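S.K.: Here the protein sequences come in this chain order: D and R. Counting from 1 along the first sequence, just add 1 to a position and that's the residue number in the working numbering. Counting from 1 along the second sequence, just add 1 to a position and that's the residue number in the working numbering.
By construction, these hints were calculated from the structure, which means they are not laboratory data. Treat the hints loosely; a few may be bogus.
When chains are identical, the list treats them as one kind, so a pair holds in a single copy or across two.
Stated by the list, open to error - Each computed BS3-like pair below joins lysine-lysine, with the alpha-carbon atoms no more than 27 angstroms apart:
1) Lys31 - Lys81
2) Lys32 - Lys81
3) Lys81 - Lys26
Predicted model, so just to flag it, every value in this text is computed and none were measured.
So the chains spell out like this:
2 protein chains.
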Amino acid sequence: MQEIEYIGYAAGFLTTLAFLPQALKVFRSKKTRDISLLWALLMTFGVFLWFCYGYANHSLPMMIANGITFVLMLVILVFKLRFK
Amino acid sequence: MQEIEYIGYAAGFLTTLAFLPQALKVFRSKKTRDISLLWALLMTFGVFLWFCYGYANHSLPMMIANGITFVLMLVILVFKLRFK
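Pulled out of the complex, with its shape left as it was, chain D reads as follows (with noise of 0.2 angstroms):
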């Protein structure tokens, strides 16, 4: 593998972990008032795109990191339109 390809993984990494907190804070106390609904709206378009584009260009650090930020901020997206 590419050396570039673990810059890739670590990115993803972090930039993925950077994420949890926010899901699991939001998960758990089931308060998302004080997140923005434009932001998560956003956020879980706009990384839905960047794990097309990984697919596009076969980057599996991007389509891993992506996919995954894509299931958190749908978790966060579902908590704020169903908890207000």
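Given chain D, work out where chain R should sit, using these hints.
M.R.: For chain R alone, kept in the frame of chain D given last:
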């Protein structure tokens, strides 16, 4: 330009735009109590690595999006460290 680059630019536009409200809010309010330092550190370093990954893969959409997000994250991080 290949169609796939348009997806990259759209993805970058959305995920970068998503950071703007947060960065502006911090810049105006100088309040960062609700922002996790860990999140800010992980994201700042993570998007920097995505920038390097984009550079190594000659992906302009990734370089532009992660370059701007990196600057926005630096603003949030500096304010977080200064105003606690």
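S.K.: Now, for every hint given, state plainly whether the structure supports it.
M.R.: Going down the list of hints, with the structure as the test:
1. Proximity of Lys31 to Lys81 under the C-alpha cut-off of 27 angstroms is found in both arrangements, the shortest distances being 8 angstroms within a copy and 26 angstroms between copies.
2. In this homomeric assembly, Lys32 and Lys81 come within 27 angstroms of each other (Cα to Cα) both inside a single copy, at 8 angstroms, and across copies, at 23 angstroms.
3. Proximity of Lys81 and Lys26 under a CA criterion of 27 angstroms is satisfied in both settings, with 12 angstroms inside one chain copy and 20 angstroms between copies.
In terms of the numbered hints stated before, the structure departs from none.
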